[in-house]
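**Q** Single-letter residue listing:
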Amino acid sequence: DTEVTQTPKHLVMGMTNKKSLKCEQHMGHRAMYWYKQKAKKPPELMFVYSYEKLSINESVPSRFSPECPNSSLLNLHLHALQPEDSALYLCASSQAMTVSGNTIYFGEGSWLTVV
Amino acid sequence: AQKVTQAQTEISVVEKEDVTLDCVYETRDTTYYLFWYKQPPSGELVFLIRRNSFDEQNEISGRYSWNFQKSTSSFNFTITASQVVDSAVYFCALSEAGAAGNKLTFGGGTRVLVKP
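Those protein sequence lines, which keep their order, are chains G and L. Here the numbering used here is used: the first residue of the first sequence is 18, the next is one more, and so on. Here the numbering used here is used: the first residue of the second sequence is 3, the next is one more, and so on.
For reference, chain L alone in the conformation it holds in the complex (with noise of 0.2 Å):
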């Protein structure tokens, strides 16, 4: 069965540090997808980012970027230059290409504090 892992709760930075998000993920299936989401206290969950198994490029957009390691089985996330505006719950999700109904196997999320 899918599972991921996101070992950090809470991070807690100073406005303008990076910060990176650790996203472990575990499946069977050779083909998957994985994606990140940001929680704003809100509660929109808004999508960041959507990456098949099969293209281990890094990518960057703006501030953002992540590290997507198959020999690791890691999808990490990093926040360059932190803002306020950055604080939000984050969550890392996996879709296996076998499992019917598009379903999404969510991390238990990563809480991002950034303090003025």
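For reference, chain G alone in the conformation it holds in the complex (with noise of 0.2 Å):
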């Protein structure tokens, strides 16, 4: 079982809407990312926390807003979403982002639709 867990699992939501992608982790890592999946597409990175702060922001919209509250939570708040929007989104954690190399572990993914 995977101890990257996500809530929820799916939502669907207005594009006025404001809501959360919640993630916690369970292994004592230091780094935390957010990834975004289209359909028959790799996951693309979004963000990355490291110790709790911000250290790879990969252009994304600001309707993105993630936030790190301690470094086994991180979430992702969305507001303002477009369809094209909808993809799957997988938290996922390792034991540090400054050592390249480490392995990354994924949750099973918030699949998120806009309607």
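These are calculated hints, taken from the structure and not from any lab test. Think of the CB as a built atom: it goes at the ideal place given N, C-alpha and C, for glycine as much as any other residue. Hints may be right or wrong, so weigh each one.
What the hints assert, rightly or not - Below, in silico cross-link-like pairs of lysine-lysine (DSSO-like), each with a Cα-Cα straight-line distance of 30 Å or less: (1) L:K105 to G:K39; (2) L:K117 to G:K36; (3) L:K72 to G:K26; (4) L:K105 to G:K55; (5) L:K18 to G:K35; (6) L:K105 to G:K36; (7) L:K117 to G:K58; (8) G:K36 to L:K5; (9) L:K5 to G:K70; (10) G:K36 to G:K58; (11) L:K117 to G:K70; (12) L:K5 to L:K40; (13) G:K70 to L:K72; (14) G:K58 to L:K105; (15) G:K57 to L:K18; (16) L:K18 to G:K70; (17) L:K40 to G:K53; (18) G:K39 to L:K40; (19) L:K40 to G:K55; (20) L:K72 to G:K36; (21) L:K18 to G:K53; (22) G:K35 to G:K57; (23) L:K117 to G:K39; (24) G:K26 to L:K105.
Unchecked claim - One-sided and incomplete, this derived list gives chain L residues near chain G with beta-carbon spacing under 10 Å: (25) G45; (26) E58; (27) A83; (28) F108; (29) G110.
To be verified - These stretches of chain L come out as covered by chain G in the derived footprint (C-beta under 8 Å, 3 or more residues): (30) 36-44; (31) 76-82.
Put the two chains together into one complex; each comes in its own frame, and the hints tell you how they fit.
**A** Encoded structure:
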């Protein structure tokens, strides 16, 4: 079983709604990630937090707002999304972001549909 | 820039057949890491294996085996005696030691369908 848990598993939201995706990891990792995956495509990196600070933002639109309340939790706040933002959102964690090659462990993902 | 190519987009086999997934990578770094992940229909990306560029030993784990060849920049994955539960999309990925942020470069993925 994965030690990266994501909620909710499925979310349908309107374009004017505000919602949040939540992620928790139980492995003591200090780096956490958000990836976005469209159908039949590989995951694409959105954000990386290292030691609870935002380290990488891959030019993601501001309607996506990440938050890392502590080393175990990662949120993704959603506001004014577009239908093209419908995708699988994957949370992940690793021991450290500063060391390349650390294995990244993924959660089960949150399937988001914007209507 | 790094690149990972999985030329096979979809493979269909009958249960108990062997299936080999190809992965070819490009990198300028001498130190790098290669990964395979499995993604069943549920969506979770399941880590299968990590290999660094200095370890060219092949590896076997149950019905899974990996063949790493630096000379051809390939890291192929074989499922022996496939089962229906092996049906999934498999991603090969690369992480370069020189890249900031422990970033993964994914291949396009290979969908494996195992029929009973």
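**Q** Each hint should be assessed against the structure and marked as holding or not.
**A** The hints, checked one at a time:
Using a Cα cut-off of 30 Å, the hinted pair K105 (chain L) and K39 (chain G) holds, with the two alpha carbons roughly 22 Å apart. At roughly 39 Å between alpha-carbon atoms, K117 (chain L) and K36 (chain G) are farther apart than 30 Å, so this suggested pair is violated. For the hint linking K72 (chain L) to K26 (chain G), the alpha-carbon distance of about 39 Å lies beyond 30 Å, and the restraint is violated. With a C-alpha separation of about 18 Å, the suggested pairing of K105 (chain L) with K55 (chain G) holds against the 30 Å cut-off.
At roughly 48 Å between alpha-carbon atoms, K18 (chain L) and K35 (chain G) are farther apart than 30 Å, so this suggested pair is violated. Among the hinted pairs, K105 (chain L) with K36 (chain G) is consistent with the structure: their alpha-carbon atoms are about 27 Å apart, no more than 30 Å. Distance check on the hinted pair: K117 (chain L) and K58 (chain G) sit about 23 Å apart at the alpha-carbon level, within 30 Å; holds. For the proposed pair K36 (chain G) and K5 (chain L), the alpha carbon gap of about 35 Å is over 30 Å, so the pair is violated.
Our distance criterion of 30 Å between C-alpha atoms is met by K5 (chain L) and K70 (chain G), whose separation comes to about 28 Å. Our distance criterion of 30 Å between C-alpha atoms is met by K36 (chain G) and K58 (chain G), whose separation comes to about 24 Å. Between the alpha carbons of K117 (chain L) and K70 (chain G) the distance comes to roughly 46 Å, so the proposed pair goes past 30 Å and is violated. At most 30 Å may separate the alpha-carbon atoms for a hinted pair to count; K5 (chain L) and K40 (chain L) meet this at roughly 19 Å.
For the given pair, K70 (chain G) sits about 36 Å from K72 (chain L) by alpha-carbon distance, which is inconsistent with the 30 Å threshold. With a C-alpha separation of about 17 Å, the suggested pairing of K58 (chain G) with K105 (chain L) holds against the 30 Å cut-off. With a C-alpha separation of about 26 Å, the suggested pair K57 (chain G) and K18 (chain L) falls inside the 30 Å cut-off, and the hint holds. With a C-alpha separation of about 48 Å, the suggested pairing of K18 (chain L) with K70 (chain G) is violated against the 30 Å cut-off.
With a C-alpha separation of about 16 Å, the suggested pairing of K40 (chain L) with K53 (chain G) holds against the 30 Å cut-off. Taking the CA atoms of K39 (chain G) and K40 (chain L), the gap is about 23 Å. The hint holds against a cut of 30 Å. Pair hint K40 (chain L) plus K55 (chain G) holds up; C-alpha atoms about 16 Å apart against a cutoff of 30 Å. The suggested pairing of K72 (chain L) with K36 (chain G) is violated, with an alpha-carbon distance near 46 Å, which exceeds 30 Å.
For the hint pairing K18 (chain L) with K53 (chain G), the CA-to-CA distance comes to about 34 Å; that exceeds 30 Å, so the pair is violated. A threshold of 30 Å between alpha carbons decides the hint, and for K35 (chain G) with K57 (chain G) the separation of about 27 Å falls inside it, so the pair holds. Under the criterion of a C-alpha separation no larger than 30 Å, the hint pairing K117 (chain L) with K39 (chain G) is inconsistent with the structure, at around 36 Å. For the proposed pair K26 (chain G) and K105 (chain L), the alpha carbon gap of about 25 Å is at most 30 Å, so the pair holds.
The criterion of a C-beta within 10 Å of any C-beta in chain G is met by G45 (chain L), whose closest approach is roughly 4 Å, and the hint holds. The restraint placing E58 (chain L) at the interface with chain G is violated, with a minimum CB-CB distance near 16 Å, outside the 10 Å limit. Below 10 Å, beta-carbon pairs count as interface contacts, and A83 (chain L) has none with chain G, the closest being about 25 Å; its hint is therefore violated. Hint on F108 (chain L) holds. Least Cβ distance to chain G is approximately 4 Å, under the 10 Å limit.
The restraint placing G110 (chain L) at the interface with chain G holds, with a minimum CB-CB distance near 6 Å, inside the 10 Å limit. Under a criterion of three residues with beta carbons nearer than 8 Å to beta carbons of chain G, the stated coverage of the region 36-44 of chain L is upheld, 3 such residues being counted. Counting residues of the region 76-82 of chain L whose beta carbon lies closer than 8 Å to any beta carbon of chain G gives 0, which falls below the threshold of three, so the coverage claim is violated.
Taken one by one, the earlier hints fail for this structure at numbers 2, 3, 5, 8, 11, 13, 16, 20, 21, 23, 26, 27, 31, listed in ascending order.
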